Amino acid sequence: MLTKGTVKGIISNLVIVEVDGAVAQNEIAYIDLNGTRLMSEVIKVVGNNVYVQVFESTRGLTVGTEVEFQGHMLEVVLGPGLLQRNLDGLENDLDKMDGIFLKRGDYTFPLDEEKLWHFKPIAQPGDKVTAGSWLGEVDENFQPHKIMVPFIMKGEYTVKSITQEGDYNIYKTIAVVEDHNGQETELNMIQRWPVKMPLTAYKEKPRPFKLLETGVRSIDTLNPIVEGGTGFIPGAFGTGKTVLQHAISKQAEADIVIIAACGERANEVVEIFTEFPELIDPHTGRKLMERTIIVANTSNMPVAAREASVYTAMTIGEYYRSMGLKVLLMADSTSRWAQALREMSNRLEELPGPDAFPMDLSAIISNFYGRAGHVTLNNGKEGSITFIGTVSPAGGNLKEPVTENTKKVARCFYALEQDRADKKRYPAINPIDSYSKYIEYPEFEEYISEHISDDWTEKVNEAKTRLLRGKEIAEQINILGDDGVPTEYHITFWKSELIDFIVLQQDAFDDIDAVTPIERQKYILDMVTDICRTDFEFDNFNKVADFFKELINIGRQMNYSEFQSERFHKYRTQLDELISRKKVSA
Amino acid sequence: MAKAFQKIYTKITQITKATCSVKATNVGYDELAQVEGRLAQVVRIIGDEVTLQIFEGTEGIPTNAEVIFMGKSPSLKVSDQLAGRFFNAYGDPIDGGPVPEGEERPIGGPSVNPVRRKQPSELIATGISGIDLNNTLVSGQKIPFFADPDQPFNQVMATVALRAQTDKIILGGMGMTHDDYLYFKNVFSNAGALDRIISFMNTTEDPAVERLLIPDMALTAAEYFAVDKNEKVLVLLTDMTSYADALSIVSNRMDQIPSKDSMPGSLYSDLAKIYEKAAQFPSGGSITIVAVTTLSGGDITHAVPDNTGYITEGQLFLRRDSDVGKVVVDPFRSLSRLKQLVQGKKTREDHPQVMNAAVRLYADAANAKTKMENGFDLTDYDTRALSFALDYSEKILAIDVNLDTTEMLDNTWKLLSRHFKPAEVNMKQELIDTYWQQ
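For the record, the sequence lines run as chains A and B. FYI, in the numbering used here the residues of the first sequence are 1 to 586. FYI, in the numbering used here the residues of the second sequence are 587 to 1024.
Only chain A is shown next, with the shape it has when bound in the complex (with noise of 0.2 angstroms):
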């Protein structure tokens, strides 16, 4: 029996219902406001009385509505067809529901049910099965999804008898497994699973190790993210934490790729649905909206909904993680997920924390991280999730709550820098500040070696050390001035100038720069780790300034050249030449 209860006080989306049963913590409830259901989550129990927060616009609600509570918390349908989705935080299927305007108590479902999956059984009668093994697969976008035992079921089960190979839609029964009582369950390829509990139906966790590719050259080259890893991108407004976001949610070597915009613009939301169906995925050459779903609840969306959208998010991932596929999730922003468990918290009248934020955000923010990552499966096989959160700090303002404490659980770190932004040097990535733990795995640097070369971090560290010390030498030439130091403080300054502008900068709006393969990135830092290399000679450093500018001119526009063409090759001998003008010899 399910419990009922009636409205005693409304404070905005925070609403007190009296019940008359029990009721658990996170438990959902449905409002029935003149026939309107208005769904809610029990976040407080005192009593009688119950607090619910309502994912909706409580206007028009009066003390005496009936409430009934529906036994379980807030949960996700997971199965064939979420591919191409554009969901809302509560993962309603937006382009069914109709009209302009959202309505009120407007729930649709996410899959389409009179689909017809081409299913292909794993799975053989007999089989000892438990949560998560993959009875059969389907095609979902040239995806293999599989098709599992639903997660909620514990212990393990013997299967007595799978579907043929055949055409069904989703609630056609494909295998009935047997529990050790011989009871016997019947599964289709749907199942649900509540979104704040992680989904852990896998053997291990290593630690990552694999380059995740993104294109974007001053996070593969400079501080990689890996297959399984974490990471964030704090950045004030306008310092193109969105722009880099999309272009990694674009160009990523990833199987699927989820979109979570977070309490953000609805034009940014309205950017990925017009351009994703059209862009092209660079790795399959598929489009791209195939391989991608997105949760979108925009900042005037219900704020219940927003904190509930990344949790719907993660799960979505989780789910397709156990198929083995790699997932990229990315969220956009976290911090707005944070301001809204803040919201609440106020309303509860709970004791504050710093800056108004509830007490347990830091390890809120580290739970959720902690769901991310590299897994084996049972059946051995692997996958994962690759989790990229923005944070829009305060005032632009790294040291506030949501940023430190990300820091402590992210293992890569984007500083977003106003200074480059004003400068047009984009992607605004700090290269000095920010950093990639991952570099610093022993695994990682045997992968690489093996996948790149064996000089690759070494390289890399070199560029970093040059950009360390040009920042440092720009700093002496502001006090001393340009004739202040010497002609080789120029020549040093110049070359951490080159790399910034053929490593870092990169044009995301253009065709070729905006997105650069791996082979490409090691042409490109061994080609400005030999100029760095070199010993120049110069009368004076006007001399330097003009050179280098002539070099970056060339470098650049290489870059917007296709490579290895005609005229990539034209611009590097034109490039060589210059060199060897100035070049001391030996």
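Please note: incorrect hints may appear among the correct ones.
Estimated spans, in silico, between C-beta atoms of each pair [what the hints assert, rightly or not]:
1) B:Ile632 with A:Gln25: 20 to 26 angstroms
2) A:Glu66 with B:Leu780: 50 to 56 angstroms
3) A:Glu278 with B:Thr1020: 24 to 30 angstroms
4) B:Lys955 with A:Glu519: 40 to 46 angstroms
None of these hints come from the bench; they were simulated from the model. Computed from a prediction, not measured in an experiment: that's the story for all the values here. Just so you know, even glycine gets a beta-carbon here, dropped at the ideal spot from N, CA and C.
Please build the complex by placing chain B on the supplied structure of chain A, with the hints as guidance.
The following block gives chain B in isolation, referenced to the frame of chain A:
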């Protein structure tokens, strides 16, 4: 005003500066009420105790005041009769004209389903090259001026409104001085544009809390014209900092825990709800929002400009350039996030690169200026960058420049060619081959 069947409550249990609580039953959340004839709105219900926010303030409200609940949330009657009219925060005419007829719609209505939006793609030409060249505006965009109170943002906004090709201009004034209100009225009437204008006005003489209704009133009218009539609507909101101040007054009186700069913790969501009403609709109508956020001493880290910057699609900064003695649109701090949707697509192909190159060189000039001020020798390049900056400020960035985009591009190429060598501008060779002026 009370209708015969309406129940009158008189048991007031608590009065603060902005709210009062009354014992009442069967009251809906967000519902409007009248307390001694003053308009109020339900902000909290606990059992039979209903807390009302009284827009005009609670001065003189007695504990036996008459409270009548109106059974609806704040609303506006929408129809074509709104055009050319001036209203207060409640949507009542203040121009002496008749009360418009029309369909009554609750204000602060639901959000647009993101999948039903269209990607903005229509350029809004303002003639001001600091905007059109460097920070191109697009219909369906939301963008504020970040300005200190002494800067001429209202003039620039009026210029933008009149030059932009729109069907309706809706002005929402919050805490506007009466003089500025008359300024807008005069400018629009002198331009013969009054029939395209709809104005919702809360001046400094009106109660501060009333301001909270202005953006929703303006945007409800905007949605009527943009969605029902497929018109291009430009909404001007000035000043959003006054709006945020009113929010903080209310939350303070409701005993909410303040977050940064004494603003309510929900400031981001509150502002986003307003700005996100800007949209390009599939049927051709659009709502574009140009707002003003006044700063205190140019501080953009304050909670209001900071949250605004994360919500809006860019921001425009004005600055007085003492070298040329003109007000310019600051190219470093200003940004239009939607510009790449039109630049080089609706304008000439060289637009994005010309814009970036000029701004980068202008930055070099700023560095050279610092060097000069610190007493260091300037290189030949520094000198050229400085003379470029003067030209660029006066002929491109100044707000009194009125050109079409192609002229702006040609003029910028002229300046680049006059002061620099092709290798110094870091542009694609093809563009230099085509446009460099020998």
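Against the structure, the hints:
Restraint check, Ile632 (chain B) to Gln25 (chain A): a C-beta distance of roughly 22 angstroms satisfies the suggested window 20 to 26 angstroms. The beta-carbon spacing between Glu66 (chain A) and Leu780 (chain B), approximately 52 angstroms, falls within the hinted interval of 50 to 56 angstroms. With their beta carbons about 28 angstroms apart, Glu278 (chain A) and Thr1020 (chain B) fall inside the hinted range of 24 to 30 angstroms. Between Lys955 (chain B) and Glu519 (chain A) the C-beta distance comes to about 43 angstroms, which sits within the given range of 40 to 46 angstroms.
The structure fails none of the hints (numbered hints given earlier).
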